[in-house]
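Participant: Chains as they are written, first to last, in the working numbering: chain A, 1183 to 1489; chain B, 1183 to 1489.
Don't read these hints as lab results, they were simulated from the structure.
Some hints here could point you the wrong way.
Claimed, not checked - Simulated restraints on C-beta separations:
hint: 1; chain 1: A; residue 1: D1489; chain 2: B; residue 2: I1300; range: 40 to 46 Å
hint: 2; chain 1: A; residue 1: S1463; chain 2: B; residue 2: L1339; range: 36 to 42 Å
hint: 3; chain 1: B; residue 1: N1423; chain 2: A; residue 2: T1220; range: 54 to 60 Å
hint: 4; chain 1: A; residue 1: D1262; chain 2: B; residue 2: T1375; range: 40 to 46 Å
hint: 5; chain 1: A; residue 1: E1360; chain 2: B; residue 2: L1339; range: 38 to 44 Å
hint: 6; chain 1: A; residue 1: S1463; chain 2: B; residue 2: K1337; range: 31 to 37 Å
hint: 7; chain 1: B; residue 1: D1397; chain 2: A; residue 2: P1412; range: 31 to 37 Å
hint: 8; chain 1: A; residue 1: K1373; chain 2: B; residue 2: S1468; range: 25 to 31 Å
The beta carbon of each residue, even a glycine, is placed where N, CA and C say it ideally should be.
Protein chains: 2
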Amino acid sequence: MDSIKVFSPGSVTNLSCGYDILGFCLDKVGDTITVTKTPEKGVKISSIDKYNLPTNINQNVAGIAAQAMMKDINLDYGFDIKIKKGIKPGSGIGSSAASSAGVVFAINKLIDSPFSDIELIRFAMEGEKFVSGSYHADNVSPILLGGFTLVRSVKDLDIIKLPNPKGLIATIIRPEIELKTSDSRKVVKLKVTIDKMVQQSANLAAFISSLYTEDYDLMSNSIVDEIIEPDRALLIPEFYNIKDISIKSGAIACGISGSGPAIFALSKSNKTANVILNKVSSHFNSVNINYNGFVSIINSEGVKVID
Amino acid sequence: MDSIKVFSPGSVTNLSCGYDILGFCLDKVGDTITVTKTPEKGVKISSIDKYNLPTNINQNVAGIAAQAMMKDINLDYGFDIKIKKGIKPGSGIGSSAASSAGVVFAINKLIDSPFSDIELIRFAMEGEKFVSGSYHADNVSPILLGGFTLVRSVKDLDIIKLPNPKGLIATIIRPEIELKTSDSRKVVKLKVTIDKMVQQSANLAAFISSLYTEDYDLMSNSIVDEIIEPDRALLIPEFYNIKDISIKSGAIACGISGSGPAIFALSKSNKTANVILNKVSSHFNSVNINYNGFVSIINSEGVKVID
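Please take these sequences and the hints and turn them into a complete structure.
Facilitator: See the structure below:
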């Protein structure tokens, strides 16, 4: 095999109660990445179809992740990377992670999979570090493992694949503003009270339990964020109205996806997820804000080969 | 039925990663409480066998919990309470909670169980508030529900009974010092960094997952406390040596039980739990510190009627 094409999906992280450690994999929306072996050693990005992203491998997350991988193997050939972006950078649904994770997944397949999923997460995180300034595995983990994931430790690469309750479905809606992860991180307070920590961790713990027991009432009660959401919500136009509309339309919960501006709502049925999408769309139309929205299952498979 | 005798066990809370919200129920060590109907209305504590605890119902947790319960029902008779304490106050294994939970459980049984477990937790918490200054359900919940419990919200009384992995067993060892919960709470820092909050909540979330999956490696990695343990450990003689001995003897994890001074270790077998008890006992003997120790299963049943 000399060439491979993969589809690397978007991902939703934080989910209100799991700042920096919780995430799930989206379906259908993502990057399409073609990697081809080249006689020349090293990595080259020959094309990225949009968003003016740099093709310099030292300035592009996919190039950085691929180079991190190259350091661990000795090959007498190289790779050419072509990326068709399906996620706009700064959306809050893991645009950079889709490229980082997708490229290392593709290269690993091309060289007969010497690396485990956990090792691929380690390489993909190098791309994440480049954009956010520190190591995060919350987006790349669900892309590479599928479904819901919990990052217990980035340092130890202790990452848990969680259950994916049947029928759970997401509505994603993104007001058309760009919010850089680095800017969105700046509004997060550096310290929290012990009482808030206890409440936040109780919610996360309860959410984990709800995934195992498929207790949607508990899930609804636990997808709550009293620490980060109040500050980040200020950066997202109409956030509280969207949340209110989603909950009233039957969402289990609604919150900021990643560092925003994308907003996620979780529902128990495709029908509810689409009702939410329609109502939220109407609202954005009524206030003259451009937006982009879709419904997605929780993708258990994650990144995959498509050709 | 005019009289009932119940056994209300001790409990271990916090478990390193779940400060104020996580707990499990012990077996065999606990209070024996006899409640008898009286023609006179109201509640009376006619005897407590030791530790010079007050029998004044306004100064005793059992009396306070029972009175909270009385406010919600209209009875033309009352109750006499006799308590045989099996847990020394200030031990760190829920002495006050055993009395509070036991008495409301007993009264409820005597009056044909009009109250749910959750309502009993609400009454028992009044006793806890009296001793610690604020509402906590982390000790009373595992006593009343059995097994492991998670308190998502004290305010909403949202309390989750977690799985009890087969074969999991605890060693409890308590240096003979008294540590008041209120004093032990004073050393807890009021604020934590967001990074520590993320790490602590990741550990708690991973621990919850480990209970569902019976993944003992994950459990071991997640019973970690970088926030409270470092400060509270200073109040407990030989804590780090005990922890070291326990882990080296095969414990899954070891930490402070509740607010201390009791120390818990979790093991996968009765044999390991007893090896830990023996080795830790030898250590306390060698440094001339009095101690008290035992091995206990995780008690799935909780408080129970014994006569």
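Participant: Taking 25 to 31 Å as the stated bounds, is the beta-carbon spacing between K1373 (chain A) and S1468 (chain B) within them?
Facilitator: Cβ of K1373 (chain A) to Cβ of S1468 (chain B): about 42 Å, so the range 25 to 31 Å is violated.
Participant: So the hint says 31 to 37 Å: do the beta-carbon atoms of D1397 (chain B) and P1412 (chain A) match that?
Facilitator: For P1412 (chain A) against D1397 (chain B), whose Cβ atoms are near 35 Å apart, the range 31 to 37 Å holds.
Participant: Just to be sure I understand the hint, the distance between the Cβ atoms of N1423 (chain B) and T1220 (chain A) should be within 54 to 60 Å; is that true here?
Facilitator: holds (59 Å)
Participant: Given the range 40 to 46 Å, decide if the beta-carbon distance of D1489 (chain A) to I1300 (chain B) lies inside it.
Facilitator: violated (55 Å)
Participant: For the range 31 to 37 Å, tell me whether the beta carbons of S1463 (chain A) and K1337 (chain B) fit it or not.
Facilitator: Since the Cβ atoms of S1463 (chain A) and K1337 (chain B) sit about 35 Å apart, the hinted range of 31 to 37 Å holds.
Participant: Is the hinted range of 38 to 44 Å satisfied by the C-beta distance from E1360 (chain A) to L1339 (chain B)?
Facilitator: holds (43 Å)
Participant: Please test the hint of 40 to 46 Å on the beta carbon pair from D1262 (chain A) and T1375 (chain B).
Facilitator: This hint holds: roughly 43 Å between Cβ atoms.
Participant: Just to be sure I understand the hint, the distance between the Cβ atoms of S1463 (chain A) and L1339 (chain B) should be within 36 to 42 Å; is that true here?
Facilitator: This hint holds: roughly 38 Å between Cβ atoms.
Of the numbered hints given earlier, the model fails hints 1 and 8; all others are met.
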